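Residue numbers (numbering that gives the first Met the number 0), protein chains in the order written: chain B, 0 to 385; chain Z, 0 to 385; chain H, 0 to 385; chain E, 0 to 385.
No lab work stands behind these hints: they were computed from the structure.
On a predicted model such as this, the values are computed, not experimentally measured, just so you know.
Since the list gives no way to pick one copy over another, a pair counts as held whenever it fits inside one copy or between any two copies.
The list that follows gives simulated cross-link-like pairs (lysine to any residue, SDA-like), each with its CA atoms no further than 25 Å apart:
1) Lys2 x Ser345
2) Lys180 x Ala301
3) Lys43 x Pro313
4) Lys180 x Thr63
5) Lys43 x Ala189
6) Lys2 x Asp54
7) Lys43 x Ala14
8) Lys43 x Gly56
9) Lys180 x Gly224
10) Lys2 x Ile16
11) Lys180 x Ala307
12) Lys2 x Leu129
13) Lys180 x Pro313
14) Lys2 x Ser339
15) Lys2 x Pro55
16) Lys2 x Ala18
4 protein chains.
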Amino acid sequence: MRKIRYGMVGGGPGAFIGAVHRMAANLDGELELVAGAFSADAAKSAAQGAELGLDPGRVYASYTEMAAAEAALPGDERIEVVSIVTPNHLHFPVARAFLQAGIHVVCDKPLTTTIVDAEALVAMAVERDLLFCVTHNYTGYPMVKEARERIGAGAIGELRKVIVEYSQGWLSTLLEAEGQKQAEWRADPARAGISSALGDIGSHGHNLVEYVTGRRVTRVFGDLGTVVPGRTLEDDATVLLRMEGELRGVLLVSQIAQGERNHLRLRVYGSEGGIDWVQESPNRLRVTRPDGSEEILWRGGALSDSAAAHTRIPAGHPEGFIEAFANLYRNVARTLRARSEGREPSVTDLDFPGVEDGARGVRFIDAAVRSATLDGWVEMSEVGGG
Amino acid sequence: MRKIRYGMVGGGPGAFIGAVHRMAANLDGELELVAGAFSADAAKSAAQGAELGLDPGRVYASYTEMAAAEAALPGDERIEVVSIVTPNHLHFPVARAFLQAGIHVVCDKPLTTTIVDAEALVAMAVERDLLFCVTHNYTGYPMVKEARERIGAGAIGELRKVIVEYSQGWLSTLLEAEGQKQAEWRADPARAGISSALGDIGSHGHNLVEYVTGRRVTRVFGDLGTVVPGRTLEDDATVLLRMEGELRGVLLVSQIAQGERNHLRLRVYGSEGGIDWVQESPNRLRVTRPDGSEEILWRGGALSDSAAAHTRIPAGHPEGFIEAFANLYRNVARTLRARSEGREPSVTDLDFPGVEDGARGVRFIDAAVRSATLDGWVEMSEVGGG
Amino acid sequence: MRKIRYGMVGGGPGAFIGAVHRMAANLDGELELVAGAFSADAAKSAAQGAELGLDPGRVYASYTEMAAAEAALPGDERIEVVSIVTPNHLHFPVARAFLQAGIHVVCDKPLTTTIVDAEALVAMAVERDLLFCVTHNYTGYPMVKEARERIGAGAIGELRKVIVEYSQGWLSTLLEAEGQKQAEWRADPARAGISSALGDIGSHGHNLVEYVTGRRVTRVFGDLGTVVPGRTLEDDATVLLRMEGELRGVLLVSQIAQGERNHLRLRVYGSEGGIDWVQESPNRLRVTRPDGSEEILWRGGALSDSAAAHTRIPAGHPEGFIEAFANLYRNVARTLRARSEGREPSVTDLDFPGVEDGARGVRFIDAAVRSATLDGWVEMSEVGGG
Amino acid sequence: MRKIRYGMVGGGPGAFIGAVHRMAANLDGELELVAGAFSADAAKSAAQGAELGLDPGRVYASYTEMAAAEAALPGDERIEVVSIVTPNHLHFPVARAFLQAGIHVVCDKPLTTTIVDAEALVAMAVERDLLFCVTHNYTGYPMVKEARERIGAGAIGELRKVIVEYSQGWLSTLLEAEGQKQAEWRADPARAGISSALGDIGSHGHNLVEYVTGRRVTRVFGDLGTVVPGRTLEDDATVLLRMEGELRGVLLVSQIAQGERNHLRLRVYGSEGGIDWVQESPNRLRVTRPDGSEEILWRGGALSDSAAAHTRIPAGHPEGFIEAFANLYRNVARTLRARSEGREPSVTDLDFPGVEDGARGVRFIDAAVRSATLDGWVEMSEVGGG
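Using the sequences provided together with the hints, build the complete structure.
This is the structure:
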């Protein structure tokens with residue numbers, strides 16, 4: 000098995016998500032980090048590269064330099080895929096630069112800060128036939144896949160109601176004014192875009208509910224609020240949803256649910272039962288039944304092929320966030336390996352969120368913000384989606 | 000200690016809620032059932048009276064007969080309070096009849112099916128100085144009282160967000176067409192009023208959130224849906240809320256959340272922490288804290304005076320729904336006993352939902368339904384509330 | 000329906016368990032308290048009687064006086080059954096007095112403090128054909144009955160292992176030296192008997208495991224310890240068990256598991272699955288399955304006739320300790336009513352722990368204590384049981 | 000940062016634990032797999048090496064060949080540490096071979112199948128000053144470290160009681176007769192040693208309780224049983240414990256707790272509170288308090304330095320089994336790197352179970368088996384421990 004060579008943009012000293020991407024890529028031993036532009040500060044980038052044991056010649060001070068230099072390397076040396084883990088506003092220019100260089104992309108979410116940019120990336124990726132994964136990582140959890148499989152197979156009957164909630168409390172104070180790096184850029188429209196809570200976590204909820212139900216959001220009513228005084232963007236939102244087939248839904252997000260860590264919970268109720276998944280206990284899937292009893296399914300048990308293919312260890316030995324995230328990287332690596340060997344990737348290999356999913360997330364944020372401004376329902380088709 | 004004499008209207012053979020009211024009244028041995036009009040069917044009423052060991056002379060075939068007959072009895076024989084456990088549309092005429100007869104009232108919720116009726120009862124109760132309890136029973140749980148006390152004392156800081164959910168699955172099929180008695184009248188506008196889910200369980204959620212926060216709902220946006228084909232009234236609703244002080248909130252109710260039993264959950268987040276209470280595990284109160292740790296408080300532990308005053312047995316021996324319900328009856332009994340003895344009832348004695356609370360619930364239902372019709376926000380003040 | 004007249008011995012001001020018995024007897028309205036000797040202190044007894052609204056003529060200063068006076072009343076006036084809620088050492092003389100007076104008995108556990116006394120009560124009850132219920136109340140929970148039904152029906156296959164644990168923390172300090180009444184008598188061999196933890200809560204565990212499995216304990220190895228300095232009786236014990244059919248088991252009890260409230264948990268594993276019940280969440284029964292998934296059953300759902308017959312309200316509205324306790328009283332009342340009407344009581348009516356169950360509990364305590372002294376296994380047959 | 004070079008013995012196609020060790024070593028990017036003898040079958044070993052992308056010249060057909068060949072390589076090429084993931088009976092000869100070759104060792108548990116062999120390895124490792132890690136991996140969980148820190152700091156007062164349970168159901172049938180590889184060797188005394196349940200999972204329980212309390216087991220009483228007909232070794236055991244300071248304890252293990260996955264739970268009760276940790280929800284630590292309330296601590300929160308140093312991602316994003324396992328590998332790697340750079344390893348670097356811990360586990364198994372044979376308590380000092 001050949002390891003896939005990848006590079007990283009962002010993820011310098013102290014960045015949370017860059018380290019997560021690297022662990023996710025490490026876990027299965029199917030990728031190898033060989034290059035990076037870890038910071039716009041050359042010294043910091045170099046320090047990070049050294050810490051990671053990289054060849055200093057492939058540690059760059061900027062993504063433009065990196066894209067150019069890597070593209071100039073022989074095909075069996077240069078990175079095959081780049082991982083973009085910068086603040087939101089850089090996703091677009093960085094992704095564009097690497098796509099232009101013919102390099103595949105893994106990009107953090109939200110894909111971009113505007114619909115126009117998102118659509119440009121979709122077009123470029125399609126045109127150049129480059130793989131583009133957006134790390135809506137929660138769909139990498141095996142029990143999320145189990146939920147999707149069951150719903151797809153009709154196990155809970157006709158779908159009737161979805162509730163997706165992602166509540167956090169970490170922005171309960173004006174943390175962005177205290178120099179906390181993560182809070183700072185997320186609260187700054189210039190770097191985060193038009194939204195904070197919806198962009199950062201609402202887009203995950205949106206992706207999760209579309210993935211599991213197999214239906215798209217068609218209409219939204221957004222009730223957005225900025226609760227902490229002094230803050231610019233919304234830190235709390237409830238979005239009423241309609242999905243294909245007039246499926247009713249609600250998405251709740253908050254960054255001011257004081258004390259909550261990452262309370263992401265998805266429920267889907269159908270005519271014959273329901274599913275209930277909570278990210279903080281991800282190895283477990285609760286299935287409700289018409290007689291009021293419940294079934295608790297556990298990762299590693301007798302589950303669907305899809306869940307099994309994204310599971311590494313037996314039931315009762317918990318897997319977590321990194322393993323779910325690693326499923327995206329592993330599938331990207333296998334898809335690239337299949338392509339490089341002239342094979343067709345398997346359905347499992349291709350099971351990761353793509354650029355179109357990412358673009359729909361951007362449209363969703365836009366529609367919810369627009370709805371809040373208009374104080375009325377907005378059709379996704381009005382913002383290019385649906 | 001003298002037992003308070005009470006009578007019952009409704010609660011004949013097979014009625015769920017009547018039996019609950021009787022057990023609640025029995026539990027503490029502070030009330031005694033001495034009369035009843037248990038059914039509009041005289042034979043059924045008599046049978047129920049016999050089953051309960053009542054004097055046949057005080058088992059009536061109609062509430063009008065009962066009100067008249069009881070009023071004619073000597074003061075130390077006639078019922079002091081009547082318990083009304085009929086379908087919704089009868090609450091008003093029955094309550095009016097007993098108020099006119101000078102008899103105190105305990106009435107199931109929603110108080111009435113129209114705002115006009117609700118306001119008439121408020122006026123009558125006030126004018127005649129009669130006690131009127133509406134059985135929004137969930138506020139009888141000790142841990143709900145603990146939540147209220149803590150919030151009132153500032154334990155979670157400034158309030159920022161409430162989420163109250165009451166999800167059931169029992170109306171996932173068109174049960175009302177199958178002759179199920181409970182479903183039948185709740186689905187019939189002539190008996191249930193303008194709402195099903197909101198009237199039956201949404202009014203509980205509304206009362207709970209007002210009780211615990213000490214704030215009133217001021218503005219609503221209702222998204223109501225009728226999911227099961229063939230049904231007349233809504234069986235699913237999300238209501239966006241604003242409460243006094245521009246407190247943001249959401250109320251979710253459903254009768255088609257297939258497999259859910261009585262998933263009533265209340266969360267209130269403040270600047271310094273949050274509280275989380277789930278009715279199906281009522282002895283437990285989860286308190287979230289800014290550092291992401293949690294405190295789990297248990298009924299019977301070292302809690303507020305209010306929680307302690309509504310608790311019967313030590314921590315670790317669970318109390319449930321009936322005990323919470325009994326707290327309403329016990330407090331009503333003690334208030335009546337105090338009044339009959341010329342004493343001032345204590346704050347604890349008076350801690351039960353009154354006719355004004357019930358009326359606000361009716362206005363809330365009206366406002367939510369109106370909002371859904373208008374597809375816009377409705378101020379509670381527009382419907383007589385706020 | 001005629002109410003059964005009962006009297007109470009013990010349960011004066013401040014006594015926890017007397018109040019529980021009264022609420023349990025009140026709940027269903029099938030019994031009526033008409034007499035009592037609530038305290039050996041005549042004034043306290045009278046005060047308690049007044050508080051309960053009893054006829055002062057039937058409030059006694061001693062149980063001997065009460066037994067004599069009640070026996071002298073006409074058959075349709077005197078108490079039909081007495082409830083004994085005194086400290087352990089009085090169970091025997093009180094029960095004997097009432098049995099001699101021809102009055103049925105409900106007695107708290109452990110039945111007596113010696114095997115000889117227990118066997119004397121068994122003999123008297125049998126000889127006089129008097130009903131004798133010992134309040135091993137945990138078997139009154141509907142989900143415990145569901146577990147027994149399932150196991151009896153072979154749902155988990157051949158039984159292989161039982162684990163029963165009852166951990167409390169309330170005696171983590173030398174509470175008995177601080178004048179706490181409950182702790183005081185339980186720690187005093189003259190009143191509690193030869194055991195504290197095993198007598199108070201181990202006897203419940205023993206009863207529960209025998210009830211649910213339908214098998215008797217045949218052999219024990221007791222590891223008893225007195226952890227808190229200054230204490231006389233054991234406050235912590237592990238008892239290795241063998242039950243009929245060489246079923247392996249363990250019983251763990253503690254009064255020094257600091258912070259635990261009433262952590263009573265029963266698990267039974269068989270060849271085809273297992274059951275897991277936790278008293279602090281009593282409405283729920285976890286069923287384990289060979290594939291590692293679980294089923295969660297809820298009281299009020301689609302359960303066995305036995306569970307359903309001991310359930311009052313629908314699933315999702317929790318019942319608790321008092322309701323379970325009330326199941327014993329209700330069944331005793333119905334059995335007595337059937338007998339008084341010349342009918343055969345139903346299987347459900349007879350489903351309460353009897354004097355033989357209580358006697359086996361006493362023998363179990365004795366065998367475990369003896370085993371600890373001998374530091375070896377003790378056969379139940381050596382202490383008259385098995 | 001230089002990657003530590005490691006090799007592996009065992010872990011060929013289909014082996015569960017070998018893959019876990021490799022993922023654990025991969026996660027943090029601090030080690031690199033460069034050699035292996037993955038199977039006694041040369042073709043299988045080669046296939047596994049190819050699958051892992053190893054240089055075929057360093058994939059061996061036997062561990063003896065591997066030890067010799069690696070020892071002959073230059074110091075900056077040969078493996079620095081070997082990971083032994085074979086069935087139990089090979090741990091000793093393989094470890095001995097690599098220690099003799101001057102190569103550090105990571106070895107799966109139990110260390111050996113006899114005390115003599117265990118002591119020989121202890122002596123060799125000490126004499127040659129070679130690092131020797133035994134993968135009692137559960138102590139790698141951050142919340143286990145938090146428990147140890149709190150207990151060490153006196154947070155729960157004087158220790159009074161420990162309960163450790165590891166229940167599995169996977170051997171509820173005679174799986175070893177059906178050709179299931181994992182079951183086969185564990186059930187075969189020639190490969191597993193004198194014990195099945197105690198050796199496989201009881202040794203983990205023993206290590207966990209000693210690690211968290213900081214005390215050693217001093218005395219045991221073992222109640223071992225072979226429940227499934229046709230089986231040779233015990234599949235269920237309860238071991239009564241005494242630890243230093245006469246601390247009372249119980250260890251429960253089972254492989255026939257039908258339906259349980261890996262129910263490993265540790266509780267320690269002290270005079271001021273208790274801790275409760277469950278491996279299937281490893282990010283959570285329940286702390287009981289004298290007033291009956293509880294505190295729930297979460298990995299990633301405001302915890303001890305030790306917990307924080309073994310945590311990779313924020314609270315609310317779960318870590319699992321692989322991350323805990325990776326903590327052992329990471330610490331071994333850091334210790335080796337420090338040694339190779341002439342630095343003193345930090346306390347954190349050295350926080351992994353050593354050969355002495357492994358040897359104590361072997362003695363514990365021996366003592367428990369001996370106790371069951373003698374039907375009496377056995378002092379650890381009698382088997383060379385204590």
